[in-house]
Each structure stands twice: as structure tokens, then as C-alpha cells.
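S.K.: Following the hints, complete the assembly by docking chain Y onto the known chain H.
Letter by letter, the chains look like this.
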Amino acid sequence: IAGITQAPTSQILAAGRRMTLRCTQDMRHNAMYWYRQDLGLGLRLIHYSNTAGTTGKGEVPDGYSVSRANTDDFPLTLASAVPSQTSVYFCASSADRGTEAFFGQGTRLTVV
Amino acid sequence: GIQVEQSPPDLILQEGANSTLRCNFSDSVNNLQWFHQNPWGQLINLFYIPSGTKQNGRLSATTVATERYSLLYISSSQTTDSGVYFCAVDLQTGANNLFFGTGTRLTVIP
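Chains as they are written, first to last, in the working numbering: chain H, 1 to 112; chain Y, 1001 to 1110.
Only chain H is shown next, with the shape it has when bound in the complex (with noise of 0.2 Å):
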């Protein structure tokens, strides 16, 4: 089945420790997105990608680092993860910046 597939689902990090959340796309979709929700504050974007090789940065980029390797793969890192991390995230796609756009089912993070 098509679709967007993110792991892992759940983890528990230790704070100060490097973390890569994964991001894969099978629908060769253009734009990459990674958000992050927390409770009250909805979705914010945190990094995207327009196309394989460009990233940008969205609403919430410190912390957090992303690259785009190919088309299919968007992997978020934590280079040194605190407790302000902890919340849902959600990685995302759509076939152009501004067309209709698909998530993921999210991974848990928590950070301790």
C-alpha cells in the first residue's frame, strides 16, 4: 500500500543523546515535510523539502537538522535531544509545495 511510513513509533530518549527519526515515501512525491504537535499548540512545521537535494527551514527548526538524499527519505536528527522535545512527529508529503498533502502515523517521543 501506498503511503508514508515513519519510524520508529514510539521511543524513550535519554536528554543529550542523538536521535534520527525516519521518514519514507513510496508515491514519489516532490515536497517532504516534518511537523511536530504538542498539546494546545496543533501542528508547527519544523523543516521541509521542496526536492530531492533543497531543505529549508519551517516554524521550529532549532534543534533539529534534516536531509534530503533522494525522493523517498526524509530523516529528521536530534543532535542532542532535551526535554522541550518531547512531543508527536509527524512527517509528511505532497506531490508539489502547495498540492494536497499526506502524513505519516506519526512517531512518540519522549525525552527524559
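I should point out that these hints are in silico values taken from the structure, not numbers from a laboratory. Careful, some of the hints might be misleading.
So, partial list: chain Y residues that the calculated Cβ filter (under 8 Å) puts toward chain H [claimed, not checked]:
| # | residue |
| --- | --- |
| 1 | G1041 |
| 2 | D1090 |
| 3 | G1101 |
| 4 | G1103 |
Beta carbons are placed, not taken as given, at the ideal position from N, Cα and C, and that holds for glycine.
M.R.: This is chain Y only, laid out in the frame that chain H set:
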């Protein structure tokens, strides 16, 4: 920055009732989407609706871009409609960002 306001914030319905959810936005947008986040946290696409009206079964949506609002209609509600409904907008200019409202939490009771 753009403001995306949803109302009401919370709604409790008896099964079979109808409801209207509203999304107001403060700037011109390229597109608007409605999502349903189910109790398991999954975000499900409902409508991609930059303007006009669309219908899908018991759900329909209308966006009036010139007046900067969108409405989501749920008819004959079912318990499986429970969850949080989000609207999200993409600005015509500026950053590449799908801005989300804070959602309407719907609870349908049998």
C-alpha cells in the same frame, strides 16, 4: 503571521445530529485542507478545498477564499466521527508552510 482560528474548540453531539465546524484565516491562501485526527492519533485527509464546495458521503466542505473562511459539515454523525478536526492553510506568498488551526475536538455519544 497568519492566524488560523477554528470554532468551536469543543463539541459534543448525540449520534445522528448534524454539525458545522468553522475555520477562519487572516491572510490570502493558496489552498486549504481539512483533516480528521482519530483517537489513535492518525491524521486522515478529508478535503483539499482551496475554494468552492466538495462532498464526500456524510461530510461536505465549503471554502469562501475571498471572505477567508471554510466550513466543514458533518451530517448524521456517528461515534466513529469522534476526534479532532483540523483545518490547515498554505499561504499564497512567503514560507513553505501548511499552517494548522488548533482544532475542534468532536465527541459523538451514542
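S.K.: Does the structure break any of the earlier hints, and which numbers would those be?
M.R.: none
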